[in-house]
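Participant: Each chain, written out:
Number of protein chains: 2
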Amino acid sequence: MKATTLKEIAETLGISITTVSKALKNYADVSPKTKNAVIALAEQLQYTPNSFAVNLRTKESKTIGLIIPEVVHHFFSSVINGIIDQAEKNGYLVIILQSNESIALEKKQVALLINKRVDGILISLSNESNNDLHLKEILQKGIPLVQFDKISKLIHSSKVIIDDQKAAAEAVQHLIDIGCKKIVHIRGPINPQNAIDRFLGYKKTLEKNGILYDPSLVYTCQQVSFEEGFEFAKKITTNHPDVDGVFAITDLVAVGVLAYCNENGVKIPQQIAVIGFSNWFMSQVMTPKLSTIDQPGREMGEVAFNLLLDEINVNKEGGTFEPKTVTLKTNLIARASTRK
Amino acid sequence: MKATTLKEIAETLGISITTVSKALKNYADVSPKTKNAVIALAEQLQYTPNSFAVNLRTKESKTIGLIIPEVVHHFFSSVINGIIDQAEKNGYLVIILQSNESIALEKKQVALLINKRVDGILISLSNESNNDLHLKEILQKGIPLVQFDKISKLIHSSKVIIDDQKAAAEAVQHLIDIGCKKIVHIRGPINPQNAIDRFLGYKKTLEKNGILYDPSLVYTCQQVSFEEGFEFAKKITTNHPDVDGVFAITDLVAVGVLAYCNENGVKIPQQIAVIGFSNWFMSQVMTPKLSTIDQPGREMGEVAFNLLLDEINVNKEGGTFEPKTVTLKTNLIARASTRK
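Chains A and B, in that order, give the protein sequences.
Taking my numbering, the leading residue of the first sequence gets 1, the next gets one more, and so forth.
Taking my numbering, the leading residue of the second sequence gets 1001, the next gets one more, and so forth.
Be a bit skeptical, because a hint or two may be false.
Claimed, not checked - Simulated crosslink set (BS3-like; lysine-lysine; CA at most 27 Å straight-line):
#1 A:Lys7 <-> B:Lys1324
#2 A:Lys25 <-> B:Lys1107
#3 A:Lys153 <-> A:Lys234
#4 A:Lys141 <-> B:Lys1107
#5 A:Lys89 <-> B:Lys1108
#6 B:Lys1289 <-> A:Lys235
#7 A:Lys181 <-> A:Lys166
#8 B:Lys1116 <-> A:Lys108
#9 A:Lys340 <-> A:Lys235
#10 A:Lys107 <-> B:Lys1324
#11 A:Lys7 <-> B:Lys1316
#12 B:Lys1062 <-> A:Lys62
#13 B:Lys1234 <-> B:Lys1203
#14 B:Lys1062 <-> A:Lys89
#15 B:Lys1062 <-> B:Lys1089
#16 A:Lys116 <-> B:Lys1116
#17 B:Lys1181 <-> B:Lys1116
#18 A:Lys62 <-> A:Lys33
#19 B:Lys1166 <-> B:Lys1107
#20 A:Lys116 <-> B:Lys1035
#21 A:Lys108 <-> B:Lys1203
#22 A:Lys289 <-> B:Lys1289
#23 B:Lys1107 <-> B:Lys1324
#24 A:Lys289 <-> A:Lys136
#25 B:Lys1022 <-> A:Lys116
#26 A:Lys316 <-> A:Lys289
#27 A:Lys107 <-> B:Lys1025
#28 B:Lys1203 <-> A:Lys107
#29 B:Lys1035 <-> A:Lys340
#30 A:Lys234 <-> A:Lys89
#31 A:Lys166 <-> A:Lys141
#32 B:Lys1324 <-> A:Lys289
Unchecked claim - So the derived label-pair ranges between C-beta atoms look like this:
#33 A:Gln140 <-> B:Gly1091: 49 to 57 Å
#34 A:Lys89 <-> B:Asp1242: 47 to 55 Å
#35 B:Asp1242 <-> A:Ile211: 52 to 60 Å
#36 A:Lys329 <-> B:Ile1015: 35 to 43 Å
#37 B:Asp1163 <-> A:Thr18: 49 to 57 Å
#38 A:Glu263 <-> B:Ile1190: 34 to 42 Å
Please keep in mind that the hints were generated in silico from the structure rather than gathered at the bench.
Everything numeric in this text was worked out from a predicted model, so none of it was measured.
No residue lacks a Cβ here, since even glycine has one placed at the ideal position from N, Cα and C.
Extracted from the complex, chain A is given alone in its bound form (with noise of 0.2 Å):
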């Protein structure tokens, strides 16, 4: 990479690389014709400070890194729209690396960061994470940290959240409302936390209405893909033909479970009422239109964006941050799919 440099400037006009220094930052004691004449150089030359070098000086990368587990996918995509969106508008750059799901890619994201000394991490874990040292390194170096979606409990940093359980329920409860009696789950991987709490807010919503819960009524995700959901679809209305209500984890799931009963003549919602979870773009333009949770996630890339800059901005005039956890609103959204 070819650049102007202050030596070259220095060089072409016979003067100290100090004195070109010193006239781009207005010093006093640059006599006005030599600052106009190094200025006008530089404009010519197209100059442009190192950053690099600017960073050493202010300790500062004005970069942030977000690691998600994967792009190619509706809420995600979202979720980083709001992050770059509000990073621009602050002047900040950001670093994406994606995970696909694994903790040993996550750890080694984290430590790629870590050493590029960003200003701070954004990020949501990995479905395969089930321990929390890489993100215990990043608070004892000091590093501003904020978790969204998918986070550890354990770890104190500020966290950007929905209630999964609460809106699990709402579901749930709206598929019994509808008349639904013997109602499936189809459940995340073990591990992450925002799966097991949609599953507890599915069980306690059953409970609570005296329904029995029945284990062999879960079904478990592995990779959280539509190609899940039509198999446990096939499954369902094989093993349980009188299953009248389906809850799964995810948008992409519950579409593949209306792909195979569209498919296989099975009556949706007169048989099998769904609801998804997120909201997804695809879910309003399903025949028929899939009911579902809205997750607002760009808004959740904006407000974990904001709190990332609170903690760097707190940490500059060296005070102490108390980290926040936000839960923000979902939405029961009601479509075709159960309606009945």
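Following the hints, put chain B in place on chain A, whose structure we already have.
Facilitator: Just chain B, lined up with the frame of chain A:
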């Protein structure tokens, strides 16, 4: 941010900073005893080398910049996926900026990345981009550049594209082959090369088949959105009730057409056959399933990163890199929306 410095290690051991630095780099003029003491303390204090200082020495940031119109977009998120996976494998970090289809923001972001001294820049132009001074500045500064998907033909950089004209011709020929006589094109905005090329592919294919080109059958999107597809479908069926085929600039717009037709009793494909472009995930779960042109997003990201890395490496070795243009293969995917 509190991080261990060479100075702290030097002070703790009562030796000079230079000696600490040399010990960590395993220089021969430091005694094994001192080396061991420095390494042990560095490990204990979890010392990580300051990457900015390393950058100043090597003049490499091991960071590249990516400017993309939209993140919440199935095709672009697939491209991002390919780029950051490939970057990760090669030890590079990726700063992602979103132009929101604005030329003003795109120019500002190019300036930011130049100032940040990234090792290279990957860009897909915004729909508003109608000049390329900012791209010329990247080239003038000798910063490696790869354009992908939405490109400026006049800029002498590497490019990763598809043959939009040929792919569009294939889509339109498919509609003609299944018997469509009056075919609408819902095109993209005026500036982007790919929207121009898809339109030309449509026009030329009509002419090649002896069908008169009728400008009143071309509808122009501003946002390239679901809503526009929905609205245009209403106009098309009202103003041209004898239209029997629609070729849309992208699947999102085609899905808007399907939604309007489904809600208003217009039978697809019997009354109107519909084909999109890009093979978004949701196309295969629509009712009816949407025919489309598959465009390899992930592969486009991988190839773009690898071309950039080639250029970075050639420059590092002092060679002259000759920009390459890679044209990726597309495939017609015929589904129920064009199965008469």
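Participant: With the threshold set at 27 Å, check whether the alpha-carbon distance from Lys1022 (chain B) to Lys116 (chain A) stays at or below it.
Facilitator: Measuring from Cα to Cα gives roughly 21 Å; hence the hint holds.
Participant: Is the distance from the Cβ of Lys89 (chain A) to the Cβ of Asp1242 (chain B) consistent with 47 to 55 Å?
Facilitator: 50 Å Cβ-Cβ, so the 47 to 55 Å window holds.
Participant: So if I understand the rule, the pair passes when the alpha-carbon distance is 27 Å or less; does Lys7 (chain A) with Lys1324 (chain B) pass?
Facilitator: Violated, at roughly 34 Å.
Participant: Starting from Lys108 (chain A), check that the Cα of Lys1203 (chain B) is at most 27 Å away, please.
Facilitator: 51 Å, violated
Participant: Could you grab the alpha-carbon distance between Lys1234 (chain B) and Lys1203 (chain B) and see if it respects the 27 Å cut-off?
Facilitator: 23 Å, holds
Participant: Take the C-alpha atoms of Lys316 (chain A) and Lys289 (chain A), compute the straight-line distance between them, and say whether it is at most 27 Å.
Facilitator: Cα-Cα ~49 Å, so violated.
Participant: Does Lys1107 (chain B) pair with Lys1324 (chain B) here, judged by a C-alpha cut-off of 27 Å?
Facilitator: Roughly 24 Å between the alpha carbons, so the hint for Lys1107 (chain B) and Lys1324 (chain B) holds.
Participant: Would you mind confirming whether the straight-line C-alpha gap from Lys116 (chain A) to Lys1035 (chain B) stays at or under 27 Å?
Facilitator: 25 Å, holds
Participant: Given the hinted pair Lys340 (chain A) and Lys235 (chain A), is their Cα-Cα distance within 27 Å?
Facilitator: Judged against 27 Å, a Cα distance of about 23 Å means the pair holds.
Participant: CA of Lys1116 (chain B) to CA of Lys108 (chain A), is that 27 Å or under?
Facilitator: Satisfied, since the Cα-Cα distance of roughly 24 Å is no more than 27 Å.
Participant: Is Lys166 (chain A) within 27 Å of Lys141 (chain A), Cα to Cα?
Facilitator: 35 Å, violated
Participant: Lys1289 (chain B) and Lys235 (chain A): Cα distance at most 27 Å?
Facilitator: Holds, because 24 Å separates the two Cα atoms, which is no more than 27 Å.
Comparing the model with each earlier hint shows violations of hints 1, 3, 4, 10, 17, 18, 19, 21, 24, 26, 28, 29, 30, 31, 32, 33, 36; every other hint is respected.
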